[in-house]
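Undergrad: Okay, here's what each chain looks like letter by letter:
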Amino acid sequence: MDEEYDVVVLGTGLTECILSGLLSVEGKKVLHMDRNDYYGGDSASLNLTQLYRKFRPDQAPPAELGRDRDYAVDLVPKFIIASGELTKILVHTDVTRYLEFKQIAGSFVYREGKISKVPSTEMEAVRSPLMGLFEKRRAKKFFEFLQGWKDEDPATHQGVDLDKDSMKSVYEKFGLEPGTQDFIGHAMALYLDDDYITKPARPAYDRIVLYTSSMARYGKSPYIYPLYGLGELPQSFARLSAIYGGTYMLDKSIDEIVTDADGKVVGVRSGTETVKAKQVIGDPSYFGAGNSGGGKVHVVEEGKVIRAICILKHPIPGTEDSDSVQIIIPQNQVGRKNDIYIAMVSSTHNVCAKDVHVAIVSTIVETDKPEQEIAPGLQLLGPIYDKFVDVTPLYTPTSDGKADNIYITRSYDATSHFETVVEDVQDVWKRVVGKDLVLKKREVEVEQ
Amino acid sequence: MSKQLQFKLVLLGESAVGKSSLVLRFVKDQFDDYRESTIGAAFLTQTVTLDDGTVVKFEIWDTAGQERYKSLAPMYYRNANCAVVVYDITQSASLEKARNWIRELQRQADPSIIIALCGNKSDLAARRQVSQEEAQKYAEEEGLMWAETSAKTGEGVSEIFTAIAKKLPTTAAPSSRAGAGGRTGAAGGRSGVDLNRQQNAVSTNEPCNC
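Here the protein sequences come in this chain order: A and B.
Take the first sequence: its position 410, counted from the start at 1, is 410 in UniProt numbering, and no numbers get skipped.
Take the second sequence: its position 80, counted from the start at 1, is 80 in UniProt numbering, and no numbers get skipped.
Incorrect hints may have been included.
Pairs of lysine-lysine, BS3-like flavour, derived with a Cα cap of 25 angstroms [what the hints assert, rightly or not]:
hint, chain 1, residue 1, chain 2, residue 2
1, A, K54, A, K304
2, A, K54, B, K70
3, A, K88, A, K164
4, A, K150, A, K164
5, A, K29, B, K167
6, A, K276, B, K166
7, A, K220, A, K313
8, A, K402, A, K430
9, A, K276, A, K54
Honestly, the hints are just simulated from the structure, not real lab data.
Given the structure is predicted, the values throughout are model-derived calculations rather than measurements.
The whole structure should be built from the sequences, with the hints applied where relevant.
TA: In structure tokens, the structure reads:
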């Protein structure tokens with residue numbers, strides 16, 4: 001191990017793996033290590049043995065759940081939004097050759113005690129119970145306004161300035177009811193709380209456009225999902241990195257981030273071996289998160305997320321027996337500040353045995369009784385065969401790495417997709433490389 | 001019209017036994033004496049035409065060096081139809097490693113996977129440490145195909161790949177896991193979505209369905 005690397009990356013979560021893949025393609029000499037004997041870090045998908053080892057070390061998985069190898073249970077409930085930035089990275093790096101995707105079958109929203117499908121076609125919109133007839137007309141005008149918007153054409157602006165006027169004023173201009181605002185802001189713009197309402201409307205506009213273009217892309221929902229679970233994503237970027245010369249070491253204890261007298265990083269020690277590194281990137285768990293490393297703490301907690309992984313032996317009631325869904329419970333509907341999300345996948349996505357469904361209920365923690373907070377979500381699931389609850393702190397780095405050449409990624413947040421993960425990748429990339437991340441299509445290597 | 005079938009083939013074996021060289025010989029009929037550890041050539045394809053006209057296309061996955069520190073991802077084994085496990089006939093320890101890889105395949109890969117044990121560097125028979133009898137006996141016990149090859153001279157290389165091709169099922173549609181298979185529409189049906197196909201077809205001002 002006595003070699004010198006341009007970059008040592010710690011932790012094989014998706015953020016770190018995208019970075020090491022892109023850095024290797026860029027020609028950097030990368031060493032990528034993980035303390036676990038599996039890929040994925042906090043964004044891994046675990047088989048049953050790994051799942052029980054993590055949550056119930058004293059208990060073996062019940063035999064009736066079927067074969068261990070049939071399971072890939074995600075630790076983080078996220079889907080890929082079809083027209084989003086992660087999709088662009090997947091396509092531009094060509095890691096799609098290692099992956100296969102399926103649609104998420106439907107997106108549902110909770111309103112007044114029951115769940116309804118977010119319409120994906122005009123027919124569904126006409127029939128949808130989410131709005132009354134007159135409200136549907138008003139909403140139609142609102143969406144026509146958004147689709148017609150062209151920055152360069154003031155005639156399409158109808159007197160609205162997206163960069164100055166608040167989203168509240170835009171909703172009011174079209175006379176939309178609070179329930180409809182909830183639906184648009186939470187089920188389409190995917191805001192977790194209502195802070196956006198009083199801010200300029202532009203970001204909300206962008207998010208609604210992202211949602212509708214993603215919905216239009218494959219038809220059923222705005223989301224796609226990789227077969228065999230989200231853990232396939234970091235693996236595919238790790239392979240990209242390895243193909244471009246990246247070295248991979250799993251099951252490796254990281255014992256010290258070695259710095260010089262000025263506090264600049266010079267290497268990483270594992271046991272008695274130390275590798276030299278010009279720069280070190282890693283997830284928060286390698287930099288004092290929860291004080292696991294014992295070394296200097298470089299991260300700060302910014303709140304907590306609760307995630308309950310629920311094993312079901314049936315589809316979620318009221319979802320037309322969908323093999324996969326997202327359900328959003330807008331905060332106003334259950335008297336909260338943050339939305340509750342449910343993400344459910346099944347054997348259709350090769351993540352569990354036949355007739356099993358895996359749903360994750362999650363939200364940002366607001367009280368000291370987080371499990372009670374997700375009760376409205378758990379109640380929608382019907383009988384729960386088994387449940388694994390995890391309350392995870394969200395960490396963010398305390399410095400930008402300029403002083404010490406240590407660049408720390410952020411924890412996986414409560415959003416339903418990977419857009420903030422890509423923002424983190426872009427942000428770390430800019431600080432590590434010194435310029436913006438520009439995606440180039442790499443040369444195709446399939447040889448005939 | 002002859003039918004074309006596509007299969008995923010994975011390479012396994014200790015570092016420096018000649019995994020990449022074997023593939024380079026098979027795919028390009030080339031050999032490089034001073035080949036560095038695998039960089040940048042991890043996805044190759046080659047076709048073999050059988051006597052009945054069936055074209056078998058191998059989509060060959062190289063380890064990209066991830067085997068060195070036991071860091072091969074589960075993705076690597078996923079849906080592999082066949083595996084070539086390579087050892088070096090001049091290094092008896094490399095056969096031991098090959099046995100480990102075979103155990104790993106039996107644990108992780110699809111039970112129907114066809115495994116070929118391949119003793120490479122047969123051109124260096126003067127320095128032989130692994131006898132043909134020993135390797136063959138082990139292969140028989142485990143139900144593996146077995147052959148000796150020389151990526152350097154080419155001896156036995158196309159023969160072992162052809163032998164694998166003959167052993168693969170020609171009736172059942174093989175997995176079409178990899179993107180390349182889906183994109184070329186070679187074999188198998190992709191029920192999923194193809195990110196590449198639709199990438200440019202969508203503008204941001206799609207009509208809204210709401």
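Undergrad: It remains to establish, for every hint, whether it holds in the given structure.
TA: Consistency of the hints with the structure:
1. A/K54 - A/K304: With Cα atoms ~19 angstroms apart, A/K54 and A/K304 stay inside 25 angstroms; holds.
2. A/K54 - B/K70: 21 angstroms, holds
3. A/K88 - A/K164: 30 angstroms, violated
4. A/K150 - A/K164: 16 angstroms, holds
5. A/K29 - B/K167: 41 angstroms, violated
6. A/K276 - B/K166: Not satisfied, since the Cα-Cα distance of roughly 49 angstroms exceeds 25 angstroms.
7. A/K220 - A/K313: Given pair A/K220, A/K313 holds - Cα atoms ~23 angstroms apart, limit 25 angstroms.
8. A/K402 - A/K430: 11 angstroms, holds
9. A/K276 - A/K54: 32 angstroms, violated
The earlier numbered hints that this structure contradicts are 3, 5, 6, 9.
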